[in-house]
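Asks: Using the hints, position chain B against chain A.
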Amino acid sequence: MNTKNILSTVIRETSVAYALFDHRLQLTSSDFTSLPWFLPEGCPAEASDIWTLFPELVGSEPLVDSLLAKRKKRFVLEKINKLGPDDRLYYADLQFMAYSFQQPASRGVLVLIFDRTSQVAAEQQLQQQYYELQLLRSRLASQPGFLSNAILGASPAVQEVRAFIERIANHNTTVLLQGETGTGKSLVARVIHNISPRSAKPFVEINCAAIPDTLMESELFGYKKGAFTNAQSDKKGLIEEANGGTLFLDEIGEMPLSLQAKLLTFLEQKAFRSLGSTDEKRVDVRLIAATNRDLGRAVAHNDFRQDLFYRINVVSCTLPPLREMGDDVLLLAEHFIELLHFEVNEKVTGLSPSARAKLLSWHWPGNVRELRNVIERAMIFARRDKIEASDLLLSLPPAPAGGDDFILPATGFSLEEHERKLLEQALKHCRGVQSAAAARLGLSLDTFRYRIKKYDLNPRDYS
Amino acid sequence: MNISVYSKKICMLGTFGAGKTSLVRRFVHGIFEEKYLSTIGVHLSHKALSDSVTGIQFNLIIWDLAHIEKFTAATRNYFRGAAAAIIVLDLTRESSFAEKQIRIKEFIESNPGAALVFAGNKTDLLDSHEQVESELHAFAARWQAPAVLTSAKTGENVESLFELVVAAMPEAKKR
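Note that the protein sequences, when read in sequence, are chains A and B.
My numbering numbers the first residue of the first sequence as 1 and each following residue consecutively.
My numbering numbers the first residue of the second sequence as 1 and each following residue consecutively.
Pulled out of the complex, with its shape left as it was, chain A reads as follows (with noise of 0.2 Å):
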């Protein structure tokens, strides 16, 4: 078997189709019998040029040129699909390549087609797939209802809220998020990420109140095998596990302050190195920060650098608490009635006026998250198709240490009523005793008696 025989026999057996062109660009040999379909349609293998055999030349003069002369040694096309006689999708990888003629001396293009046909079948399979549920995705996320359905309500303040994620969800900018505790920081921050083109890639929460200030680093920033003692392989940090999508730090107001100057470091540079490594990782992270604290009154404390502060605080938005949101209050409890009808009592069905009443008469200091409990303590103990008022449990979280907030409920207060109440309350776990009174409301005892006369109170009656 001569060299010609053997090197035909390598091509066809290894799936390889070769053109060589001479100085002219003109075909002087080919062998295409192993990737048949790879020549154009109608035209003939021999007495081509270079430019009819392969059209993905056309607009690359310059580098044929340049292979001609030797100053380029290869270049390389990956994956051009070719349609078959049999209607179906062939792939194959093209490299152009200087060639050297011994017989003339004169130089020229060789161009070797190596089918990639299987390996691509299987990569377009796993890539339709996800596209396709991309696509779904980004449909949804693009129809005018989305948004309503994501963050329901009318009120005036969800409305606004809904205008700033459409108006950032396009943007690269940090995003603040502010308010109470329960007021759906997280489903907002979900929601960025799902309308913005970074949707495809991971959406990483990390609730920086959960973990130990001691792992918060190694948890973020990943380490390197042999870091600290039981670093036993390399290990991707959750901002690594972000990359080219949002990353999401709620309660980002209790991150040690030993580790905000490493996050501000990130923030600045795009880039950081894990625990043990010197090398530098650079990642493409959009960051939503949230905190049901005032971080200006952090910064004022030193409990939170000022420098992130300001370098997180780039656009915010505060989320409204449930008070705020007037009959909303009714429209969240009818949608977890919705989302909880299957799940825990098929029976209930909605809310009696009662219980509307109720639900709108309270001030909600757990917010959404509070109306949700609310809400399924309610459908488990209802004993009709509609909640009751007497199925609401409403309490009053315990007061924190120092804790002296007072929250007007929307519905608004009747100071005067209350002031009743309580005068009557003191005087009844007093027995009457004026001055014991006086001092649980912390009152002096002539205010106390002034107050007493105004509602026409007798302590005697509580004697």
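What the hints contain is simulated information worked out from the structure, not anything from laboratory work.
The beta carbon of each residue, even a glycine, is placed where N, CA and C say it ideally should be.
One or more of the hints may lead you astray.
Stated by the list, open to error - Here are the in silico distance ranges between beta carbons for each label pair:
hint	chain 1	residue 1	chain 2	residue 2	range
1	A	7	B	55	43 to 51 Å
2	A	123	B	52	54 to 62 Å
3	B	154	A	126	26 to 34 Å
4	A	15	B	127	45 to 53 Å
5	A	130	B	106	42 to 50 Å
6	A	376	B	154	30 to 38 Å
Said to hold, decoys possible - Anything over 12 Å on all C-beta distances counts as not near chain A; from chain B, calculated:
hint	residue
7	51
8	66
9	67
10	129
To be verified - Facing chain B, a subset of chain A residues (Cβ under 8 Å, in silico):
hint	residue
11	59
12	135
13	434
Replies: Only chain B this time, still in chain A's reference frame:
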């Protein structure tokens, strides 16, 4: 009389599912398929088209590119030597307007001076065109490029889209 025919490489850019392949198939073969089949790598098609004003003939070699997740040296090779790009935006999905995903900047860096034409595709899925049309033109205006509303399904403006590309060629502008 010797009539020159200019062969030109045109790249189709846009996010996945924007309708790049459907526009090419409608233009080249006059067909449309509802089923979405994601493209891998690149598929080349040819079609001859004359500039309606000058009558100059162009042989368009259309590079239907897959959505580009990562811009690599291999991707840059796809862009090399292109005379124009058609940027396809899906009017039903705001996310298809994300500049970074479309790789317009990378395309211009590889081909300074290449023409850009924007296609706002899938008009057949919209009830009203007015708002998206102004958004499309505002988007295209950032690159001082023309834009046209298209539907690969109905064929609306598909021929006009490629005519805009041809009209933007330096050879057509010279005469």
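Asks: Indicate, hint by hint, whether the structure satisfies it.
Replies: Okay, the hints, checked on the actual structure:
1. 7(A) <-> 55(B): 43 to 51 Å: Holds - the Cβ-Cβ distance for residue 7(A) and residue 55(B), about 49 Å, lies within 43 to 51 Å.
2. 123(A) <-> 52(B): 54 to 62 Å: 41 Å, violated
3. 154(B) <-> 126(A): 26 to 34 Å: 32 Å, holds
4. 15(A) <-> 127(B): 45 to 53 Å: This hint holds: roughly 50 Å between Cβ atoms.
5. 130(A) <-> 106(B): 42 to 50 Å: 22 Å, violated
6. 376(A) <-> 154(B): 30 to 38 Å: Because 50 Å falls outside the window, the suggested range is violated.
7. 51: 18 Å, holds
8. 66: The claim is violated: residue 66(B) sits with its nearest Cβ about 8 Å from chain A, within 12 Å.
9. 67: 7 Å, violated
10. 129: At roughly 15 Å from the nearest Cβ of chain A, residue 129(B) sits farther out than 12 Å, so the non-interface label holds.
11. 59: Constraint on residue 59(A) satisfied, holds at 3 Å.
12. 135: 4 Å, holds
13. 434: 69 Å, violated
Consistency with the previously given hints fails for numbers 2, 5, 6, 8, 9 and 13, ordered from lowest to highest.
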